[in-house]
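J.: Sequence:
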Amino acid sequence: MVRSLVAQGPHRHDAAGLPETMCLLNPTAPRTGRFFLDFSQKDILDGHFGFPVVHKAHLLCSEEDPFSFRVVRIASDESRVRAAVFSSDINEWSLYPWVDVQVPSSSVGGTWLLSNNSSMQANGFLYWIQENHKHMITLDPTTMSFLVTELPPCPHPWDCTCSVGETSSGEACIVYAAADDFGVGMFVSGGGISNGGVDKWVPHKRDNMQTELRRVLGTSEVCYDGMQVVAVRNGFAYLATSRSPSFSSDFHNWILSLSLDTMKLDKLIGTACEGCFVHPYVMSWPSTLVGNYGSFALEYGT
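For the sequence shown, counting from 1, position 185 maps to 188 in the numbering used here; every step adds exactly one.
You may find that some hints are simply not true.
[Said to hold, decoys possible] Below are the EDC-like pairs computed for lysine to aspartate or glutamate, each with C-alpha atoms no more than 20 Å apart in a straight line:
id, residue 1, residue 2
1, K45, E66
2, K203, E174
3, K208, D264
4, K270, E224
5, K137, D92
6, K45, D80
7, K208, D269
8, K59, E134
9, K203, E224
10, K59, E95
11, K59, D41
12, K270, E215
13, K267, E215
14, K270, E174
[To be verified] Label pairs and their computed distance ranges (CB to CB):
id, residue 1, residue 2, range
15, R218, F70, 36 to 46 Å
16, D162, N94, 41 to 51 Å
17, S43, E67, 21 to 31 Å
18, T265, F38, 33 to 43 Å
19, V225, P100, 50 to 60 Å
20, R218, C64, 47 to 57 Å
21, L63, E153, 18 to 28 Å
22, D162, L271, 19 to 29 Å
23, E153, G50, 36 to 46 Å
24, K208, N135, 22 to 32 Å
25, T152, R209, 13 to 23 Å
26, D210, K137, 29 to 39 Å
The hints are simulated quantities; they were obtained by calculation from the structure and are not laboratory data.
Keep in mind the model is a prediction, meaning the values are calculated, not measured.
For every residue, glycine included, the Cβ atom is placed at its ideal position computed from N, Cα and C.
Required output: the full structure, derived from the provided sequences and hints.
T.: Next up, the structure:
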């Protein structure tokens, strides 16, 4: 995972920009698996129009080499986006040109991309949703090309959350959750993936999770009035409950996992904080058990 040590993105800036230091942390080795890198927002904002926004970072890891990775950040201004990529192979940032894209007519500055979904990845592509919930920006990290694609309609466009991910079979999907009830909807890619994005989204499932919530939370289910989508990974949607204002903080919120195959909920962890940063991931086998990776393996006794 990657986090900024100065301030949490996204950030609206003047032309000067701000320097940042980011930390990449390996959760399986928190004391030794750390990597720090500097990021100059001034560089990525160079040549912007209006009031730009620098968005949160994406971490792309190599399946072949666990010590090879890239960090991707994008900036948006009034009508364009651009990317900056850090590669561990060359140990430096690469800047890409500004690209014109379709933006909502009501947008102001670079704020037309939502900030609440910072790590949407599926089938090797990166995604950012526009504020009007009608389109999203897709980045192909292989070609570094951007594409604007149309989103399927959300039942409550101004009162729902969504995230892009993959089904258990590897198919790209979008999961919606309404903030004011327990409805969850799922769309899958109906036309396949081409030219850097999904050609067509097809309705797949829609269900009300209130009965499932009652099954996993018991009588405390009445304390919650909705759910938010945190992430979608490998056939599971990760949801966060929203506690009703009429109940005290003694009833903490829950992070839940929803199987997209069975639509069954499981309770993962309770959290006392509101709006906590959550990054679900699937831990692989420690490299000390499956291979020899030099000093890392020697340190852990292989």
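J.: Look at each hint and say if it fits the structure.
T.: For each hint, the structure was consulted:
no. : hint                      : in the structure
1   : K45 <-> E66               : violated, 32 Å
2   : K203 <-> E174             : holds, 13 Å
3   : K208 <-> D264             : holds, 10 Å
4   : K270 <-> E224             : holds, 12 Å
5   : K137 <-> D92              : violated, 37 Å
6   : K45 <-> D80               : holds, 14 Å
7   : K208 <-> D269             : holds, 18 Å
8   : K59 <-> E134              : holds, 16 Å
9   : K203 <-> E224             : violated, 36 Å
10  : K59 <-> E95               : holds, 18 Å
11  : K59 <-> D41               : holds, 14 Å
12  : K270 <-> E215             : holds, 10 Å
13  : K267 <-> E215             : holds, 7 Å
14  : K270 <-> E174             : violated, 25 Å
15  : R218 <-> F70: 36 to 46 Å  : holds, 43 Å
16  : D162 <-> N94: 41 to 51 Å  : holds, 44 Å
17  : S43 <-> E67: 21 to 31 Å   : holds, 30 Å
18  : T265 <-> F38: 33 to 43 Å  : holds, 38 Å
19  : V225 <-> P100: 50 to 60 Å : holds, 53 Å
20  : R218 <-> C64: 47 to 57 Å  : violated, 35 Å
21  : L63 <-> E153: 18 to 28 Å  : holds, 25 Å
22  : D162 <-> L271: 19 to 29 Å : holds, 24 Å
23  : E153 <-> G50: 36 to 46 Å  : violated, 29 Å
24  : K208 <-> N135: 22 to 32 Å : holds, 24 Å
25  : T152 <-> R209: 13 to 23 Å : holds, 21 Å
26  : D210 <-> K137: 29 to 39 Å : violated, 24 Å
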